[in-house]
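**Q** Residue numbers (this note's numbering), protein chains in the order written: chain A, 1 to 167; chain B, 1 to 437.
Think of the hints as simulated: they come from the structure by calculation, not from any bench.
Just so you know, not all the hints are guaranteed correct.
Claimed, not checked - Now the in silico label distances, taken between C-beta atoms and shown as ranges:
#, chain 1, residue 1, chain 2, residue 2, range
1, B, Glu2, A, Thr47, 45 to 51 Å
2, B, Glu69, A, Ser32, 33 to 39 Å
3, A, Leu98, B, Asp47, 21 to 27 Å
4, B, Glu119, A, Lys46, 44 to 50 Å
As the list claims (entries may be wrong) - When the alpha-carbon atoms are kept at most 16 Å apart in a straight line, the in silico EDC-like pairs for lysine to aspartate or glutamate are as follows:
#, chain 1, residue 1, chain 2, residue 2
5, B, Lys271, B, Glu215
6, A, Lys24, B, Glu56
7, A, Lys45, B, Glu56
8, B, Lys116, A, Asp66
9, A, Lys24, A, Asp52
10, B, Lys222, B, Glu260
Cβ atoms here follow ideal geometry from the backbone N, Cα and C, with glycine treated the same way.
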Amino acid sequence: MTAVVQKKICMLGGFSVGKTSLVKRYVHSVFSETYLTTVGVKIDKKTVTLPDRTVNLILWDLAGEDDINSLRMSNVRGAAGYVLVADGTRPSTLDVALSLRERVEADFGPLPFVLLLNKSDLKEQWAIGDDDVARLRENGWWVQPSSARTGEGVEDAFQDLAVRTAG
Amino acid sequence: MEDLPASLAERLRHLTYSERAVAYLEIDAALMLVGAGGHLDNYGLADMRLGEPAVEQAFFLEGLLPLAESPFSVPSIELDCGRAADLHFHLDGDITWVVLFDVTDYRDATRRLQQKAYEMTLLQEKEAQLNRRLEEMNRELEASNDFLVRISTKISHYLAPQIFKSIFSGQKDVTIHTERKQLTIFFSDIKDFTATTEGLQPEEITHLLNEYFTEMSAIALKHGGTVDKFIGDALVIFFGDPETKGTVEDARACLSMATEMQRRLAELNVKWRSAGTEQPFRVRMGVNTGFCNVGNFGSLDRMDYTAIGAEVNLAARLQSIAEPGHIVLSYETYALVRDIVAARALPPISVKGINRAVVPYVVEGVLDEAGRKVEIFSEHMTGLDFYLDPRAVDAAAVESIRATLKNAIAALDGRSGEGASGIAQPSSSSRANDKAI
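Taking the hints into account, I'd like the entire structure generated from these sequences.
**A** Right, here's the structure in full:
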């Protein structure tokens, strides 16, 4: 029988970047066009089967960061890793994501994370240049465009986090 | 609670427990669930198994145990069942207590407010983004507009201003299309241009010709003529398209233009002579009025806005039979302008493509308001620049001119007795020199 481990993963990012939609796509394989803001935390579980073990990812989908709603750092406590999400059609959300990363690292030290540039299906409105992505990757970060609508990049990101946090 | 009256404390206990659907979990130091109670079913936690790991049964506890601080709380957690709870943790000895309060209604109310606020912010972001896009597009548009203006300004120099205006205002389509219109066509040509400019450097010839065309074009424009083309030293101008004031007015405007050109040319000849050009420009002019085809001719790739037809050829032919310094009209033009010019008929000529006998009229002078002929004298040759329009002479200058002319005749008469010094300059501006002859 393979070992089962459980890992808390936080979804972090500005408001309306698609954190909840990414979780829904990943956990329930669905996507809804309707925007429904998250209050507090929404918790979901997804089981990932790796060759040598099974990982239960406990996904903490945290309310988006904005002017009035600042991230409660205590919600990140105990996280094994996190998914930073930015909206590729709103460049300011990339700044929010990067500042969240700094705050998390300041409080909890370096944790495994992936950075998703979400809404990659909205190509005409895409506002983050390839140069910017290349610069981010120079830090050794896992940076990928993703789309909760099409599923692009979603499975890979969580799979990668499962491997890195359960290792 | 001890401070409260017993009844109130009881009421509060009841309100909290029932209304907030309180439930609890009791977890020992080994993180085993050792107790659970309250409204567990409200949170989907009815099947808790005592003596088994707590985190495996309530996965929202993952990462939080053992407690890093006590008490500790996580507000508004949405559980699998859809209910939202505030989680309150505290340590009592080895036991970690977890208390759940239902905050679903509060969560829903907050969500409604937050949703509105976010949607508003998103709209503002969208608006700002659209405004930036618009500004960017405006800048691009302005840049391409500037570019177009620069290009069209350059192109404008290759077209008659009226044609340019009517194309760029959208009045005329740039398609192969012609119209039949009654035009007055003007042809002029510099007599013996090649011989006249012999001995001049090509740059000097270019300069002279450009100055001549610039001056003549300005006069044409002033009178409403459309400069059709420059052919070598020849000039083609028509009246009646794209703007017309009516056939009679167009013809009169053409004649006014032609006489003003003669006047200006006399002045230019004096200027050029004093600048060292020996031979004056002597210009022949021909004018005809008739129906022509006017519009765009050529191919789709390269077209010319011009007039063609036998009547155009006739204007050219009349120019060719004019004496240098003179204007020859067709009868058709003369009939339209006879109240402003005096002209003498020449022997009829025949012109290919025109079935009638063409009677040319050579202009001898213009008529004043009373219909009297005012002769204009114009002679330009080696050793002579002479232009006299008696109407244009100031009354005060008449005596001085008369004296100059007398002296000039005397000088010519006494030419055999060489040795006369001084040069006559019959211009009003050099009256002081007249006496020097």
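**Q** Could you run down the list of hints and mark each one as holding or not?
**A** Checked hints:
1. Glu2(B) - Thr47(A): 45 to 51 Å: Given about 49 Å between the Cβ atoms, the range holds.
2. Glu69(B) - Ser32(A): 33 to 39 Å: holds (37 Å)
3. Leu98(A) - Asp47(B): 21 to 27 Å: violated (43 Å)
4. Glu119(B) - Lys46(A): 44 to 50 Å: Given range 44 to 50 Å: violated, Cβ gap about 29 Å.
5. Lys271(B) - Glu215(B): holds (13 Å)
6. Lys24(A) - Glu56(B): violated (22 Å)
7. Lys45(A) - Glu56(B): This hinted pair holds, its Cα atoms lying about 11 Å apart.
8. Lys116(B) - Asp66(A): With Cα atoms ~14 Å apart, Lys116(B) and Asp66(A) stay inside 16 Å; holds.
9. Lys24(A) - Asp52(A): The hint is violated at about 26 Å.
10. Lys222(B) - Glu260(B): Distance ~10 Å between Lys222(B) and Glu260(B) Cα, so the pair holds.
In this structure, the hints that do not hold are numbers 3, 4, 6, 9, in rising order.
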